[in-house]
Amino acid sequence: MTTQPPAATAAGLAPENFSVLDELLRDCCLELMADYGLPASQTEVDPEAATGVAVAAIDFSGRDVRGTIGLRMTSSVVLESYRAAVGQAIQMDSVEANDWSCELANQLVGRLKNKLRQYQVSFNVNSPRVLQIFPVAELERALRRRFVCDGGTFAGYLDVMIAPGFFFVPKPSDAPLANEGDLVLF
Amino acid sequence: MPKKVLIIDDSSSVRRQVAGALTTAGFQVLEASDGIDGAEKIRTQNDLALVICDVNMPRMDGLAMLDSLSAEIARRQLPVVMLTTEGQPEAMARAKKSGAKGWIVKPFKEHLLLGAVQKLTQSQS
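As given, the protein sequences belong to chains A and B, one line each in that order. For the first sequence, the numbering used here gives the first residue as 2, with consecutive numbering after it. For the second sequence, the numbering used here gives the first residue as 3, with consecutive numbering after it.
The following block holds chain B by itself, in its conformation from the complex (with noise of 0.2 Å):
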């Protein structure tokens, strides 16, 4: 059965690009629009395997959301990457401590972000 990635992102273009990327390599793909979309499908959709999540979005952005679910994050030891054209570490850092496991800068390259997923799902199987 294949594993389930959640794309939080306001871009429609870059969950396609995420999404083609994610389903060439054997995963399905679950896409939300922004924060709140975003926060509803994890608390919904129990069997994520990792969740990749964009910043600057409307509504509510990825670090509030990553923010208001930090214990649930940990609970179920769900990995959250942040995919964002953001480097600030101010932001990195409020990141990890509310749970992300890692932090990529767009434009992503697409077997980096292959290779972070794999490796932060391997232990799901």
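Just chain A, with the same shape it has in the complex (with noise of 0.2 Å):
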């Protein structure tokens, strides 16, 4: 399902830009909390009805775009995808909440960044960060997508630059790109 052009004004994108980055973030979403044996699907829920959160963003720059990845997820949302990652417990709240979501979030944009190779867009990485207060009217002002799983919710905010007259085109590419899970033994 794509939102329609008022959200995308609002999100500050052209709307075919809108759609296609909507799209991407849906899908990003969705993969990464599947591949840690979380299904979800997508809500409406209000993000403020549900308390103790973890929020983690990553910024990333490149020539097209530039902005700012963020994950919000309840605690059984950090909690249950570590347990399926690690196989251990772990304390919300504790230094080892905080690094996993912050690696949630460096793989979402690592997904991000893979999924937009087909419109030959790259960008650089920064290191992820834990936000200790949710800065809920910058992030609801960015494009997001928010989902419901087996005993929590998680929500993928992007807040995203382009660059002046660019739209997203996808472009053949002869190099072939590595997915998530692959290896590739050189």
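Derived from the structure by calculation, the hints contain no laboratory data.
Below, computed lysine-lysine pairings styled on BS3-like, alpha-carbon distance capped at 30 Å:
#1 B:K5 x B:K99
#2 B:K99 x B:K43
#3 B:K99 x A:K172
#4 B:K5 x B:K98
#5 A:K172 x B:K98
#6 B:K5 x B:K43
The calculated label-pair distances, taken between Cβ atoms and stated as ranges, are:
#7 B:D69 x A:P177: 19 to 25 Å
#8 B:S125 x A:G166: 51 to 57 Å
#9 B:E92 x A:G182: 18 to 24 Å
#10 B:R45 x A:P16: 50 to 56 Å
#11 A:Q133 x B:E92: 34 to 40 Å
#12 B:L116 x A:P165: 47 to 53 Å
A virtual CB, placed ideally from N, CA and C, is assigned to each residue, including glycine.
Taking the hints as your guide, dock the two standalone chains into a single complex.
Right, here's the structure in full:
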């Protein structure tokens, strides 16, 4: 499902670009959590209704796009995805839980970067960080997708600036891309 | 004597995840949290059987570390596998040129990681 142009305007994006990024953000979020055993579906649950949340964000910058991608998760999503990955239980608000939230944001931006390859868009990625104060107003202006999975909710945010005149148009690439989970031996 | 694998990643969660898989399979594990820490451990640990290295890290990224150690890695025939969220062909080509033997895109499949580690360390027994 693609959100209609008014949301694109709110996010400061041309409708064509909004459509592409909106779908990519949705796919990246769903695939990320599915890989950790948390299949999800979209929801419009008010993000403020849930307590016990973690927010991690990561900045990226390239010739055609730059911005911030954020991931807001209820504690169960952080803890369950960690258990699926590492096979151990951790406490929310622990150093390990914060680190894992950052790693999930890192993997989310990695997925976005890999998917943007088809548009020959690339960017450099900064180190992820946990946001202690959830900047609701700032992130709610951004492109966002909310999801619900077993026992929790999560949302992906994409606050992006696009170079003037740039539009996402798929372009063939002659070099193969490695996808999530792939192993390539040289 | 177990073979020693160095894991370089700024995420302690990923280090723990990889270490868990490797120790269960009988490897000894050493950890480093960025490229500078990793380079230091590669220089000082002469009995490493393999290195698993992230790309995007603070202070020094994995590709810069690999570039700076490419001669030493070649001399010691030390296999390096990059473990990263990146799947860009240009980055993979750079890693290969600097001597990396493999590339895995996170999130990794444990059996693939172990298979690669066992294959690349096989000749060192």
